[in-house]
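Starting from the known structure of chain W, arrange chain S on it as the hints suggest.
Heads up: the protein sequence lines correspond to chains W and S, in order.
Quick note on numbering: the first sequence equals residues 24 to 426 in this note's numbering.
Quick note on numbering: the second sequence equals residues 9 to 450 in this note's numbering.
Treat the hints as calculated values from the structure; they're not laboratory data.
Taking CB as the label site, the calculated pair distances span:
| # | chain 1 | residue 1 | chain 2 | residue 2 | range |
| --- | --- | --- | --- | --- | --- |
| 1 | S | 389 | W | 99 | 55 to 61 Å |
| 2 | S | 315 | W | 416 | 24 to 30 Å |
| 3 | S | 315 | W | 383 | 48 to 54 Å |
| 4 | S | 306 | W | 400 | 38 to 44 Å |
| 5 | W | 417 | S | 426 | 43 to 49 Å |
| 6 | W | 400 | S | 153 | 45 to 51 Å |
| 7 | W | 425 | S | 427 | 47 to 53 Å |
| 8 | W | 354 | S | 153 | 53 to 59 Å |
C-beta atoms are modelled at their ideal positions from N, C-alpha and C, and glycine is treated no differently.
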Amino acid sequence: LEKHLISNLSRFVSLSIHLVINFPSLSLQGAALVMSARSYSDFTTQASFEIKKCDIHKLDEAPATEVVMTRDEGLQYYRTMQTMRRMELKADQLYKQKIIRGFCHLYDGQEACAVGIEAAINLTDHLITAYRAHGYTLTRGGTVREIMAELTGRRGGIAKGKGGSMHMYSKNFYGGNGIVGAQVPLGAGVALACKYFGNNELCVSLYGDGAANQGQIFETYNMAALWKLPAIFICENNRYGMGTSVERAAASTDYYKRGDFIPGLRVDGMDILCVREATRFAAEHCRSGKGPILMELQTYRYHGHSMSDPGVSYRTREEIQEVRGKSDPISLLKDRMLSNNMASVEELKEIDVSVRKEIEDAAQFATTDPEPPLEDLCNHIFYNDPPLEVRGTNPWTKLKSVS
Amino acid sequence: MYCSSWQFWSSLHKGSSGRCPWLLFPFFTLWLFAPPPSQLSRCDWLCVMTRSDRVVNCSCDWLKSLDLSRVTAFSPAEDRFNMAASLRCFLRTGKNAVSALQRREFHRSLPAAVQVTVRDALNQAMDEELERDERVFLLGEEVAQYDGAYKVSRGLWKKYGDKRIIDTPITEMGFTGIAVGAAMAGLRPICEFMTFNFSMQAIDQVINSAAKTYYMSAGLQSVPIVFRGPNGASAGVAAQHSQCFAAWYGHCPGLKVVSPWNAEDAKGLLKSAIRDDNPVVFLENELMYGVPFEMSEESQSKDFTIPIGKAKVERQGTHVTMVTHSRYVSHCLDAAAVLAKEGIECEVINLRTIRPLDVDCIETSVMKTNHLVTVEGGWPQFGVGAEICARVMEGPAFNYLDAPATRVTGVDIPMPYAKILEDNSLPQIKDIIFSVKKTLNV
Chain W
24 LEKHLISNLS
34 RFVSLSIHLV
44 INFPSLSLQG
54 AALVMSARSY
64 SDFTTQASFE
74 IKKCDIHKLD
84 EAPATEVVMT
94 RDEGLQYYRT
104 MQTMRRMELK
114 ADQLYKQKII
124 RGFCHLYDGQ
134 EACAVGIEAA
144 INLTDHLITA
154 YRAHGYTLTR
164 GGTVREIMAE
174 LTGRRGGIAK
184 GKGGSMHMYS
194 KNFYGGNGIV
204 GAQVPLGAGV
214 ALACKYFGNN
224 ELCVSLYGDG
234 AANQGQIFET
244 YNMAALWKLP
254 AIFICENNRY
264 GMGTSVERAA
274 ASTDYYKRGD
284 FIPGLRVDGM
294 DILCVREATR
304 FAAEHCRSGK
314 GPILMELQTY
324 RYHGHSMSDP
334 GVSYRTREEI
344 QEVRGKSDPI
354 SLLKDRMLSN
364 NMASVEELKE
374 IDVSVRKEIE
384 DAAQFATTDP
394 EPPLEDLCNH
404 IFYNDPPLEV
414 RGTNPWTKLK
424 SVS
Chain S
9 MYCSSWQFWS
19 SLHKGSSGRC
29 PWLLFPFFTL
39 WLFAPPPSQL
49 SRCDWLCVMT
59 RSDRVVNCSC
69 DWLKSLDLSR
79 VTAFSPAEDR
89 FNMAASLRCF
99 LRTGKNAVSA
109 LQRREFHRSL
119 PAAVQVTVRD
129 ALNQAMDEEL
139 ERDERVFLLG
149 EEVAQYDGAY
159 KVSRGLWKKY
169 GDKRIIDTPI
179 TEMGFTGIAV
189 GAAMAGLRPI
199 CEFMTFNFSM
209 QAIDQVINSA
219 AKTYYMSAGL
229 QSVPIVFRGP
239 NGASAGVAAQ
249 HSQCFAAWYG
259 HCPGLKVVSP
269 WNAEDAKGLL
279 KSAIRDDNPV
289 VFLENELMYG
299 VPFEMSEESQ
309 SKDFTIPIGK
319 AKVERQGTHV
329 TMVTHSRYVS
339 HCLDAAAVLA
349 KEGIECEVIN
359 LRTIRPLDVD
369 CIETSVMKTN
379 HLVTVEGGWP
389 QFGVGAEICA
399 RVMEGPAFNY
409 LDAPATRVTG
419 VDIPMPYAKI
429 LEDNSLPQIK
439 DIIFSVKKTL
449 NV
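Here chain W stands alone, though its shape is the one from the complex:
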């Protein structure tokens, strides 16, 4: 009997070793399946959290400080933020390998802003931002594949390779704008259209602390307030406008007060629930016809301004590490969920793995997809127009342009 047991045991061990070595994912999935099946009913479906109070300007009340988040919501936010983070880090890698060229402004560290805003508005609402746009392209409906292929300039890109990092568009998402501050009047124009059509939609216009000093933004504040446009102006204050800190660029760093006659909120942009709650408050303000509202999200970017900026000449590595350690948006969310028993470590790890895989696939696609065909060079000059002839680099080269 003992011999039997030992031989069975050894057989079992060898079988399991065989399984683990050859089918590692299977065993893990199996284990996870067993784990989650066992403890699914153990997770809390929702919990309430205490969040930081927002500073208010020309408002009678502030957004709520006690908010509720469900398990599903938490997992979805976690997944999206992790996807965003990994996508940006992958872009960093590809840029260093010279597979991505030109401008590349990375969004890691600011994920809570994009995901929090999207959580509070609908896909039928509108959004426009500046050049640090990869995160918003994702939340507004772009896929990681399309975004990465656009960065590498391939035909599978969201703009067929013709826009690049700064010019990504999707439904109700107006880019991706390269000129600092120009997107704010555009966003107010979209809000004007919302009011004109009377469809109860609003437009979120984002800009940075650097852009906040632009004249056209103040022109926009004036007209938006005058005509009571349903516009939410959001300043993503990541403390540095390229290499210039806010103290060196702005006479008043209270960006939420810069709208003067427009009510404002200052929000902790590293806490996704803070951002979500403030955006809900702002959206309700707009939809009730009270006119525009301003939000300042205090956030931080880990990378430099763009890939050509190491990001440490105007700030210390200690500062970056401190923010990463204390206020990383993904870690904050993860800690919240774990400490409230809304998810398990394994489950979140599983999400990490699946996200990693998705990014790998997308990067693979982005590096192997062919570049746009030369025939596409002159297309998309005009919309809904008959084909026209475009002069090439010399008088004998006549290229064709189709709408």
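Below, chain S without anything else, positioned relative to chain W:
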């Protein structure tokens, strides 16, 4: 042909819609006995027509060389009728001048044609398009309650209200961006610049946000917007208010740039521009606003459009091709009339569209006449004329040229103020005639 004083008086009476007509009596009796209009200063006449309190910059020298009795468009009877009609309009503010001018009892021309000023043609175009499509709206400085800085949008705010005719603060960059954003979100804005000089403040929004977007988004985002306003030199407004932007906007792919001359051009091209799904820069001319032109019955229809990108041969000729746009079409036609007496037949091409340029029309004409003269108000360097010359050189028409092409342009200086300096910094009829003769080597 000559209308009796009774007929003249009764036409005025009908036109004044019973609002104290008798008050007009003293003015018009004086008129009836006034010297024939041909001896009055044309500048004064144009002042009345344009309701302008500035003396219009007409280089009156050209008038002296013209034998007015042979210029058929302005017979004494028609002159008197037109002056009376416009004075009527002047006194009776707020009424649509076109309805007054449409009183055809004493008109000698084709039965269904009508005299319409460029201003009224633009007004009609916008009115018809606003009515046709709910998404069209107008925004700009003073377009609503002031009836338009140059009265081009007169009556529109009263008819369509605050939602569709929007007065903006004096913030070009801001409101141009708002107009472009609205176009991106599905509306069809007409963005008026008080003059195109002010569009320089907003040029980033026109080029980077409007013109390039359809390309950058690879067809995902179109921008159906019209930027319109007066362009080029006016009268006595000096350097910062007199620049021509045809070359600046004509340089950029993604834009269509249109430059109408007469009322028919204005109406047809503006309607096409508004119906076009792409950004169109519509360059008007302040000095042309008050000039009346005959509009055919066809062009009075609500669906009358002129295709963008097609030039028009205004006058057939055999010896030289004159290519021009906007106000200078008038100058070229007048120069052609003078040259015709010397046996030189000029073909005058009204470009109508700066971008895309109708090179085929120009080439066909040059291959017929073998000589080319371009005329424009803008500066010579990198201008419209320079582009035309380069295109002709690159195409088949080069082999047909008997002489190098000539450009007649504005003088390469910021616009001065003093009248004599201003008159001499823009092409005059005599300059055009001189250039043609030099090109033909006569």
